[in-house]
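Using the sequences plus the hints, can you model the full thing?
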Amino acid sequence: MSAASNQVTRDDVERVVRSVLSRQFGQSPAASTTSTPSGKPNPLVVNISARHCHLTDEHIEILFGKGHKLNPIKWLYQDGYYAAEETVAIVGPRRRMLPEVRVLGPSRGASQVELAFTDAISLGLDIPVRISGDVAGTPGCLIVGPKGSLELHEGVIRAMRHVHMSPADMAAYGVKDKDLMQLKVESPGCSTTLENVSVRGGDDKIKLEVHLDTDEGNAINLPNATHVQLLKQNDSSCGCLA
Numbered sequence: 001m002s003a004a005s006n007q008v009t010r011d012d013v014e015r016v017v018r019s020v021l022s023r024q025f026g027q028s029p030a031a032s033t034t035s036t037p038s039g040k041p042n043p044l045v046v047n048i049s050a051r052h053c054h055l056t057d058e059h060i061e062i063l064f065g066k067g068h069k070l071n072p073i074k075w076l077y078q079d080g081y082y083a084a085e086e087t088v089a090i091v092g093p094r095r096r097m098l099p100e101v102r103v104l105g106p107s108r109g110a111s112q113v114e115l116a117f118t119d120a121i122s123l124g125l126d127i128p129v130r131i132s133g134d135v136a137g138t139p140g141c142l143i144v145g146p147k148g149s150l151e152l153h154e155g156v157i158r159a160m161r162h163v164h165m166s167p168a169d170m171a172a173y174g175v176k177d178k179d180l181m182q183l184k185v186e187s188p189g190c191s192t193t194l195e196n197v198s199v200r201g202g203d204d205k206i207k208l209e210v211h212l213d214t215d216e217g218n219a220i221n222l223p224n225a226t227h228v229q230l231l232k233q234n235d236s237s238c239g240c241l242a
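Just so it is clear: in the sequence shown, position 109 is 109 by the UniProt record's numbering, and no numbers are missing.
Some hints here could point you the wrong way.
Using 16 angstroms as the maximum straight-line C-alpha spacing, the simulated EDC-like pairs for lysine to aspartate or glutamate come out as follows [to be verified]:
id : residue 1 : residue 2
1  : K184      : E195
2  : K207      : D79
3  : K178      : E216
4  : K147      : D79
5  : K178      : E195
6  : K176      : E216
7  : K74       : E58
8  : K147      : E100
9  : K147      : D57
10 : K74       : E61
11 : K232      : D177
12 : K69       : E58
13 : K184      : E216
14 : K232      : D179
15 : K178      : D134
16 : K40       : D204
17 : K207      : D177
18 : K232      : E195
19 : K69       : D57
20 : K205      : D79
21 : K74       : D57
22 : K147      : E58
Hints in this document: simulated from the structure, not taken from any laboratory. None of the values given here were measured: they were computed from a predicted structure.
Structure representation (structure tokens):
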């Protein structure tokens, strides 16, 4: 057999991926730990956010068919946001792929893929750590759905660890939007402090919630954590949240 006949084409990839995508999974996109802070207005929730993507309305129709709307299967902690029934395949430059990547809703103004570091290594992508929405100059990928595919020219990132805060939460912790914080976690065998947790300020409807990616959550054994503490960066005076 010649070398040319062994080459994997885009059509081959799409055919295999569509076969895989015919099976829909209902796995939870996150694991979490909750703590009730003393003297703070809201409980602290720390969630592991698994690999996922956000899509525009145009890209939803390309991938799932004209007029298609996302179907929520699980509502997330922040009101109005959900894990959709729909999944896509993410294909890297070496034609390696992640076959079942959950779409989160609602739709957005720009499509974006959020992966963990190990996901990126698997795909052969060199992705930067960025705040969601900051995708200029980032790598792209091929996204494949059951009805079509599209080439995303940029938008694949590793989401910077961050904490969503309402104005009341920011006032209570003495921080503002884009400030950096620390998350101290005590868990069996691997207690640690995560630096550079970016504050994402929002309105009064926002709930206090830290987002970590899968690699980070697994490394600190977050589901079995016994004690969590959110502090201003390089400031140990903010108090215990457990």
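Hint-by-hint comparison with the structure:
1. K184 - E195: holds (9 angstroms)
2. K207 - D79: Within the cut-off at roughly 8 angstroms; holds.
3. K178 - E216: violated (20 angstroms)
4. K147 - D79: violated (30 angstroms)
5. K178 - E195: holds (14 angstroms)
6. K176 - E216: Roughly 24 angstroms between the alpha carbons, so the hint for K176 and E216 is violated.
7. K74 - E58: violated (23 angstroms)
8. K147 - E100: holds (15 angstroms)
9. K147 - D57: holds (14 angstroms)
10. K74 - E61: violated (21 angstroms)
11. K232 - D177: holds (12 angstroms)
12. K69 - E58: holds (11 angstroms)
13. K184 - E216: Holds, at roughly 13 angstroms.
14. K232 - D179: holds (8 angstroms)
15. K178 - D134: holds (13 angstroms)
16. K40 - D204: Roughly 15 angstroms separates the two Cα atoms, so the pair holds.
17. K207 - D177: holds (14 angstroms)
18. K232 - E195: At roughly 10 angstroms apart (the allowed maximum being 16 angstroms), E195 and K232 satisfy the hint.
19. K69 - D57: Holds - the C-alpha atoms of D57 and K69 are around 8 angstroms apart, at most 16 angstroms.
20. K205 - D79: holds (8 angstroms)
21. K74 - D57: It is violated: about 20 angstroms lies between the C-alpha atoms, which goes past 16 angstroms.
22. K147 - E58: holds (13 angstroms)
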